[in-house]
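With the hints as constraints, model all of the structure from the sequences given.
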Amino acid sequence: MIGSNAAEAHPVAMQHVLYAKEVNNAPIIVVDPRFTRLAAKATDYVRIRPGTDTAFVMGLINQIVSRDWYDKEFVRTRVAGFPEMCKVASHYTPEVVEDITGVPASEVVRIAKLMATHRPGTVVWCMGGTQHSIGSSNTRAFCILQLVLGNMGKAGGGTNIFRGHDNVQGATDMCVLSHSLPGYYGIKDGSWKHWCQVWDVDYEWIKSRFHSKEYMNKKGFTLARWYEGVNQDDKINQYTPIKALIQWGCAGNSNSQMFKAAKAMNKLELVVIVDPFAPAMCEWGDKDNIYLLPCSSQYETSGSLTSTSRQFQWRFKVVDPVYESKDDYEIMAELVKRLGFADKFYKNIKKIPEDITREICKGTLTIGYNGALPERIKKHTLNWHTFDIDTLQAKGGPCDGEYYGLPWPCWTETHPGTPILYDISKPVAKGGLPFRARFGTKITYYDGRTENLLAAEGVANPGSQVKGGYPEFKDIVPGTNWKTDLSQKTIKEAIKRGMAPFGNARARCVVWTFPDQVPVHREPVHSPRPDLIAKYPTYEDKPDQYRVYTRFKSEQDPELVKKFPFVIITGRMVEHMGGGAETRSNKYLSELQPKVYAEINERTANNLGIRNGQMVWIESPEGGRIKVMAKVTDRVDEHTIFLPYHFAGQFEGKSMVDKYPEGLAPYAVGEPANIVTNYGYDIITQIQATKDGLCNVKPA
Amino acid sequence: MNRSSLVLYVFFLLLCSIAAAAGMALCQNQFLFSPGHESITAAFSQFKGTIVGDWNHYGRLFIEWQPALFRAIFFWTIIGLPLVFLIHFIAIGPKDFSHERGEVFYFSSFTRLVHWVAAIFFSLLVLTGLAVVFGKTFGGGSLIRSLRYVHVVSALVFTVDAAVLFLIWVRDMFPAPYDVKWLLILGGYLSKAKRPVPAGRFNAGQKAWFWLSTIGGGFMAWTGYQMFSFGVEAEALRLAAIIHNFLGAALVGFFIIHLYMSLFAIKGSLRSMITGFKPREEVEIMHSRYKIH
Amino acid sequence: MAQKKIIKNGKAGKRSRRITLNPKLARRSFLKLSVAAAAVTGAALAPRLTKTVAAEAAKKEPYPGSKKIKTICTYCSVGCGIIAEVQNGVWVRQEIATDHPVSRGGHCCKGAGAIEMVTSEKRLKTPMKRVGGKWQKISWDQAMDEISAKLLDIRKKDGPDALHFNGSAKVSNEMAYLQRKFAAFWGSNNIDHQARI
Amino acid sequence: MARMKFLCDVERCINCNGCVIACKQGNNIPVGINRRRVVAINEGRPGERSVSISCMHCSDAPCIAVCPVKAIYQREDGIVLVNKDICIGCGYCFMACPFGAPQFPSGQVFGARGAMDKCTFCAGGPVETFSEKERKLYGQNRIAEGKPPLCAAMCSTKALLAGDADVISDIYRKRAFQRGGGAGAWGWDKAYKGR
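Those protein sequences? They're chains A, B, C and D, same order as listed. Letter by letter, the first sequence follows residues 0 to 699 of numbering that gives the first Met the number 0. Letter by letter, the second sequence follows residues 0 to 292 of numbering that gives the first Met the number 0. Letter by letter, the third sequence follows residues 0 to 196 of numbering that gives the first Met the number 0. Letter by letter, the fourth sequence follows residues 0 to 194 of numbering that gives the first Met the number 0.
In case anyone wonders, no lab produced these hints; they're calculated from the structure. Here the structure is a predicted model, which is why all the values come from computation and not from measurement. It is possible that some hints are incorrect.
[What the hints assert, rightly or not] Computed cross-link-like contacts, PhoX-like style, restricted to lysine-lysine with a CA-CA straight-line distance of at most 25 Å:
(1) A:234 - C:67
(2) C:67 - A:262
(3) A:594 - A:697
(4) A:658 - A:586
(5) A:71 - A:425
(6) C:67 - D:132
(7) A:346 - A:336
(8) A:488 - A:473
(9) C:128 - A:378
(10) D:132 - C:66
(11) C:133 - A:262
(12) C:155 - A:336
(13) B:47 - A:630
(14) A:377 - C:67
Structure follows, in C-alpha cells:
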C-alpha cells in the first residue's frame, strides 16, 4: 500500500485488508512518509521522502527484473515495451534509490523480494501516489510493477486505487471533466457526434452553443486551477476570463493554494453554491454576488453510484427532502428550464432518475455501462444478501451467477459484470477480459525497435474464436466501431464469439505520447533536495495546460528550501471527509475532532522551541499562512509537517464564523490546510501537488 | 565472633550485593520484566495505565472497603456509641451543677450564632451523609439525590462557618500538658463525684472535637470537593473517597459524643450555648484550670 | 470482595421490583442474539452463519409500522450498505446491513452517523443570497430567476466559456451525467470535479 | 443461559471511532458523554495499538458492589444496567470501575452530576421495553429485538465482538490461532475472571 491511509480514509476496506493479513498470512507493506494508522497494522513499513514514489517503485522493478524474479511468461505474452522500460529502470539501483527516497538500499531489495515471493499481490494507492507533479508517472510505475510481477488480471492481484468520495468513480466515468465526454470518449469531433446521437440533438446545434469549434475540442479549465481563469496570475488561453462559477457539491477548501481561489471570489460576477451544508466558500469574498442553494442530501434522492471496485449500487431514497431543500435533479431542471434548452436537454428523459440511467447505458459503451440497467442495479442492491463474500458472486436467487453490483464493463443486459479486469482465465461472457487494444497494432519505439502490440499467440479468454491477440471490433454495423455502435450489435457479436469488443492486446510500459515515455523520477517542483534538482529536473513549462500557463522548470528553485525547509503533506482524518462541511456539521464527529493540528516531529519541535499544543504559524512560499496547533508526534519525520485538510472557518488567523449564514457555521472550525499547500501540478492531469510542497514553521 | 565466621559473613554480603546489582541491571534492560512493546501483555498493561491509571492500588482498596466496611463502621458508630452512652446514662447518670453560685459568661453572642449555624449545617451534613451511606435502605432515587445536593450546600456553608469558628476558638484549643491527665480519667465522666477535672477553657475532649471538626472538616471539604467535581485523576479520587469515609465516620462519632455531652451528660449544658452562661460550679469543676475573669 | 449480586429475571419479583423487562421475551431473544452477534461480529470469518439469523424475527418492534430502506453510505467509495428505518416519513434510526457483501454491516465513524446528514440542524434551509455582506433568505423562484438571468447575461456579454462549473463526486451517476451534459449544452468544456484533485 | 460479553480484538482495531459514533447516534447520547471510547497507545510509533472500551459488563462487577443505593444490577445474561431513577450520581461506580466506564451528564442542580450513564449493551433499561422513556433515558433496546449492540455490529473491521461468551471467544480463538499468537483478549482477565 503506497500513499494510502486506508485505516483512516477507508476503514471498512481495512476489514478485508486485515483479513488478508490474518487468514492468508499476507504481508502488508506500507510505503508512506508518515507512520499512519495503517502502518501500525502493517507487517512492513517503509518511510519514503514525499514525491519519490516513482524512484522507489522503479528501484523495486529493477531488482525484480535484474534478479530474474519477474513473471517471464506474462511479460512475453501480454506486456509491451518491456526492454525499453528495463533500460530506464536499470538506473534505479538500490543505492540511487536510497539517495533519492531515503529508503535504505537493503530495504529496497528486501521489499522487492517480499513482493516477488508473495504472489499474487495487490498494490493499493490513493492521493499519496497521485497528488504530485509526477503523479501520472507514479501511477504508471505502480502498474508496471504489477505487470512485471504478473499480478494483473488475477484474483488477489491488480492495482486497487481506493477512491475518495462515494461516487468519484461514477462521476469520473460520467466524465464531469474538462477533457472528456461521458465514458472517456474525449472531446474530439467523433465523440461529440456520438453523444449528440445519444442525446438525440443536432450536432450543429451543439456546435452553435460553443464560442467556436476550436473551444469545443479544447480542454477546459480544471477544478485545480479554475481560479487562474479569474485571477489570471498565470497567462490564460481563453478569449474571456471566467466571470461566473457554479459550485455544485464541491468543497472549495480542497483546492491547493486555496487563498488564491478565495481571492478570485470578489472578481467573479456570479457565484452559485449548491450544497446541503454551508461550505467553506461562503466565507470567502465580500461582494453581493453569491447565492447559496440548499440541495438535499443524497439520502433524500435516489440514483445509482459506482464504488471504488466499479460496482453499481442503487441508493434508494430514504426520506423526502427536508426543510425547503430540493434534490439535485430538481434544481438542475429549474435551471435548465430558465436557460431555455429544457426541451432538448430532457428529450428522452421523462422519469427521473431511471430514464437518465437508460440514457447513460445507451451511450457509455466504452466502459460497458450498457448492461447496468436501472432495474438490474436495483435488483442487486435489494438482494445484496445473496452474494458470496469471497467471490461476490450471487449463489442462487434473482441475481444468480452475477457479480455484485455488475462491476463494469458489463457488456450486455445479461452479462454478469467483470469483477477483475484483464482476467483471461474466464470467458468474456462470464466476466473475463484481455488487455484493451487501444493504441494500434504496431509501434516503433524511440530506440528503433518495432513491436506487435497485440497479445501473443495462445493468450486469450477461454472460448475465444481467435486464440491470440486481435484488434478492436469495428464495421460490424458499417461506419461504426464497438464504441459508437448505438445498436450495440458489435458488442453482442464480440461476446458471442467469446471475444472482447475492445480487442486483445498487450499492456504497455511505454507511453509514447507522454513527456516521460517510461516513468522516471523528477524532483517535485518545490524540492527539499536542491542537490538532486540538476540530476532529476522537473518538466519544461507548459504554456497551455487546460487553458492556463503552468510553470514547472521556471518554478523550481534550489534556493527555496533555505527559506522553507520543511516538506508539507496533507491528508485525511477518519472523522472528517473532504472539505468537511458535512462532517464538521455533525456534532458527534466534531466532538471527536474539533480542531485542526499540524503534526511535527519531536526533534523538529524541540529545535524550533515548539511545545505540544502550542500554536504555530505555517507559511508557504506562495505567501499563504495558517495558525494551527502543534501536535508533537513521531508519525512524521524531522523534515515533514502533516496537516489534515478538512477544516475551514478560520483564515490566516482570523475567525470567519460570522461570515456564515446565521447559526449555520459548522461545529468544528479551523484553518484550511490548503492555504499553505504549494504551487505544482501534474504534467498530464493537472492534479495539484499537495503532497510534496515546502513550508516554514515558526511558533505563533 | 571468630574470624572465619566474619569472613563468611562478608563474603555472603558481597554475594548478595552482586546478585542485587545483577537483578537491577536486568530490570533496567527490561529483560526480565518487560518483554518489549511487541508483547501483547505489555500493550495491555499500557492500555490499563492509559485508561484508569494504577487501578490496583486504591481502586482495589476502594472496592474492597466501600461495599461493606464503610457501612459497617458507620453503622456501629451510630448504633454503638449511643448504646455506650445509654449504659453510661443508666449506670452513672448525668452530672448536675447548681446555679446557686452564680454563672460565668462563657460564650459571646457572636460565638453562639456561629456555633449554631455550624451546628445546624453540620447536623445536616451528618444526616444527609448517612443517608447516602445507607442509601440502599432508603431505596435511592430522587430523595437521596436531593439529600446529596443538600449535603453539598451544607458543606459549603459549614466550611465558611467552621473557618470563623476556628478563628474564634483556636486560641483556647492548643493542647496543654494536663490534657493527658484529662484523657486518662476520661474527663471524670466515669464517676458522679464532683472532683475538679484538669481542663482549661476547653477540655481535652472538646479540643479533640475542635481540631477534628475544623482540620478534619477541611479535609472533608477538600476530598468532598474532589468527589463532587471529579477534577482530579481517578486514583486521587479513590483516595479521596477512602479518606472521606473514614474521616466521616470519625466525625459522626464525635458528633454523637458531642450531642450526648451537651444534651445529657451534663444537665443544662445546652443552656450555656443558648444564653452564653455556665454555672460557676460547673466551670470550677469541669474546667478547673480556666481562670474566670 | 464484593458479594455477587446477579438479579435473576426469573425471580424478578423477589430480588427486585425494578425490572419490568418481560423475562420470557428477554430469554428468548438472548438465545437468538448469540447467533446474531456471532454472525455480525465474526462476519469476515464466519459469514455463512448469517442465514440462521433470519430464522426468527422479533415479534415486537420498537418502531411499529416502520419501513426498512436499503441505501448506500455517502462518504467514501467503499460503498457500505446502510439500512434506514423510516417511520411516518422520518428516518428514525440506522439499522445494520449485516449481509452487505462488502461492508458486512461495518461503518467508520462517519458512516455510523450517516443519519446526521438529514437530521443535522446545520442543514441549509432556504435559498440565500448575500446582500450587503449579510445572508438574506430568498425564495427558490427568485433565486433561480436571478441566477439564470445573470448567466444568460454573462453568456451574451462574454461568451459561454465565462462560466466555470465545478461538479461533484458526491452525487449519483445520473446527476453527474446531467452535470456534464449541462456543460455540453451550455457550450463549454469548463467543467470539472473532485477527481481532478 | 447465554452470557453476554464484549471482546475487542486489539490486532484489528484501527481507531476509526465507528463504535463511538454508532453508540452515540443510535442511542442519542448528549455531546460530552462517551459510553464507548477508543484509547490508543504508542501513537505514531511501532507498537501503536488501539482498543475500544466501554462497560465490560463484568461478572463480579465492582460498580454493583460499591453503589450505595443499589442502582446498578446485573441481568441473568450478565448485562450490567443502571437504574437512572435510583442513581444519585455519587460517582462511586466511576471510582471502582477498572475500565473508567461510568459517565455522568450534568444534572439540574448547579452542575452537580446527574444519574450515571453507561453502556447498556443496547439492552435498554429497567422501564417498559420500547417505551419512549426507555429510549430517552437508556437508548435503544436491541437485545429485546434480538439484535446485537450497535457498536459491535457497526465495527468497521469486526474488531469489536459482542454477544454470547462462547461464540465470541470461539471467533477470537480462531483468529488468534490463525495469527499464531496472542494470549487472552483485552480486559477479559479483569472483567470476567475466567467465568
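What hint numbers does the structure not satisfy? 1, 2, 9
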